[in-house]
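Chemist: Read off the chains here:
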Amino acid sequence: MADMAKFEEEVNKLRTLEKDREKYFTSRQEMEMRLTESKNVKAELDLMESDSKVYKLIGAVLVRQDLEEARSTVEKRLEFIDSETKRVEASISDISKKCTEQRDKVMNMQKSFQMMAQAAAQAQKK
Amino acid sequence: MAEEPKGVPLSELSLQQLGELQKNCEQELNFFQESFNALKGLLTRNEKSISALDDVKIATAGHTALIPLSESLYIRAELSDPSKHLVEIGTGYFVELDREKAKAIFDRKKEHITKQVETVEGILKEKRRTRAYISDAFQTKVQSQLATMNTQ
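Residue numbers (the UniProt record's numbering), protein chains in the order written: chain A, 1 to 126; chain B, 1 to 152.
By construction, these hints were calculated from the structure, which means they are not laboratory data.
Treat the hints with care, since some could be wrong.
Capping the alpha-carbon separation at 25 Å, the derived lysine-lysine pairs in DSS-like fashion look like this [to be verified]:
(1) A:K86 x A:K98
(2) A:K98 x A:K23
(3) A:K13 x A:K76
(4) A:K76 x A:K97
(5) A:K42 x B:K127
(6) A:K23 x A:K111
(7) A:K23 x B:K23
(8) B:K110 x A:K19
(9) B:K103 x A:K42
(10) B:K101 x A:K53
(11) B:K127 x A:K53
(12) B:K23 x A:K42
(13) A:K86 x A:K6
(14) A:K39 x B:K23
Calculated from the model, a selection of chain A residues having no Cβ within reach of chain B, i.e. all distances over 10 Å [claimed, not checked]:
(15) T16
(16) S52
(17) K53
(18) R77
All values derive from a computational prediction rather than experimental measurement.
Ideal placement from N, C-alpha and C gives every residue a C-beta, glycine not left out.
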């Protein structure tokens with residue numbers, strides 16, 4: 001009975017790990033979307049001439065911004081997203097490793113239960 | 001040299017495993033379908049912007065128009081310079097451009113989104129094919145199990 005409780009506990013651990021991994025996957029997806037959008041903005045700003053009028057939407061107000069300032073802000077944003085993506089990637093590989101280990105653990109426990117059940121069935125036949 | 005991971009034939013999977021696989025495939029299909037619909041929506045919005053540029057082309061300085069403040073509230077306004085357009089380029093940035101440059105931005109957006117639509121469309125076709133394979137394997141498995149039960 002205690003073995004069964006331990007097994008349930010390990011299965012729950014695996015479920016929790018998989019849920020966490022899903023969260024990281026979603027986070028990475030959002031990062032990729034933000035990265036793509038920022039890259040597009042950077043490309044457009046790079047095409048602008050020096051006298052172009054650039055505005056930034058802050059709340060409900062459009063505020064005039066210097067072109068070079070806008071370029072550097074987007075550049076910094078790209079760097080930030082890039083470092084965040086690397087952090088999330090590291091977390092994903094770490095949690096994936098833990099998931100694999102936990103899954104193996106659960107499967108091994110399952111196998112040992114099956115073997116015990118088979119042995120018990122054999123003993124009953126005798 | 002590392003060996004390439006070998007796939008497991010669908011026929012070797014249990015009903016439960018096939019069911020799981022079918023569920024995962026369905027989830028992926030839904031995700032890509034949503035992405036496809038969102039991209040199509042973006043294309044439509046972009047087309048509207050392009051046609052709006054054409055509408056403003058005939059306007060002159062002093063031209064009056066009704067400007068929407070909300071979906072049900074409009075205000076009468078006068079165009080001071082119809083040759084200048086404020087175009088959103090993303091992440092809250094807007095640029096003031098003439099008609100040609102504004103059109104060029106929308107054309108680039110259109111090209112970019114169209115490429116993504118084509119990519120997602122290809123993935124959708126592949127996922128639908130996979131779903132059909134899994135569904136067939138599932139049906140075959142069910143029928144073979146029923147046949148086995150009947151013979152017993």
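Chemist: Now look at each hint and say whether the structure bears it out.
Modeler: Consistency of the hints with the structure:
1. Taking the CA atoms of A:K86 and A:K98, the gap is about 19 Å. The hint holds against a cut of 25 Å.
2. The suggested pairing of A:K98 with A:K23 holds, with an alpha-carbon distance near 15 Å, which does not exceed 25 Å.
3. Proposed proximity of A:K13 and A:K76 is contradicted: the alpha carbons are some 39 Å apart, above 25 Å.
4. In summary, the hint linking A:K76 to A:K97 is not supported, as the alpha carbons are separated by about 32 Å, beyond the 25 Å threshold.
5. This hinted pair does not check out: A:K42 and B:K127 have alpha carbons roughly 34 Å apart, beyond 25 Å.
6. A C-alpha spacing of about 30 Å is found between A:K23 and A:K111, which places the hinted pair above 25 Å, so the restraint is violated.
7. This hinted pair checks out: A:K23 and B:K23 have alpha carbons roughly 19 Å apart, not beyond 25 Å.
8. Under the criterion of a C-alpha separation no larger than 25 Å, the hint pairing B:K110 with A:K19 is inconsistent with the structure, at around 37 Å.
9. A threshold of 25 Å between alpha carbons decides the hint, and for B:K103 with A:K42 the separation of about 18 Å falls inside it, so the pair holds.
10. At roughly 13 Å between alpha-carbon atoms, B:K101 and A:K53 fall within 25 Å of each other, so this suggested pair holds.
11. A C-alpha spacing of about 45 Å is found between B:K127 and A:K53, which places the hinted pair above 25 Å, so the restraint is violated.
12. In summary, the hint linking B:K23 to A:K42 is not supported, as the alpha carbons are separated by about 40 Å, beyond the 25 Å threshold.
13. For a cut-off of 25 Å, the pair hint linking A:K86 to A:K6 is broken: about 35 Å separates their Cα positions.
14. Using a Cα cut-off of 25 Å, the hinted pair A:K39 and B:K23 is violated, with the two alpha carbons roughly 35 Å apart.
15. A cut-off of 10 Å between C-beta atoms confirms that A:T16 is not in contact with chain B; the least separation is 19 Å.
16. Residue placement check: A:S52 does not keep its beta carbon more than 10 Å from all beta carbons of chain B (closest about 6 Å).
17. A Cβ of chain B approaches the Cβ of A:K53 within 10 Å, the least distance being about 4 Å, so the stated non-interface status is violated.
18. For A:R77, the non-interface assignment is contradicted: its Cβ lies about 7 Å from the closest Cβ of chain B, within the 10 Å cut-off.
Of the hints listed earlier, those the structure fails to meet are numbers 3, 4, 5, 6, 8, 11, 12, 13, 14, 16, 17 and 18, in rising order.
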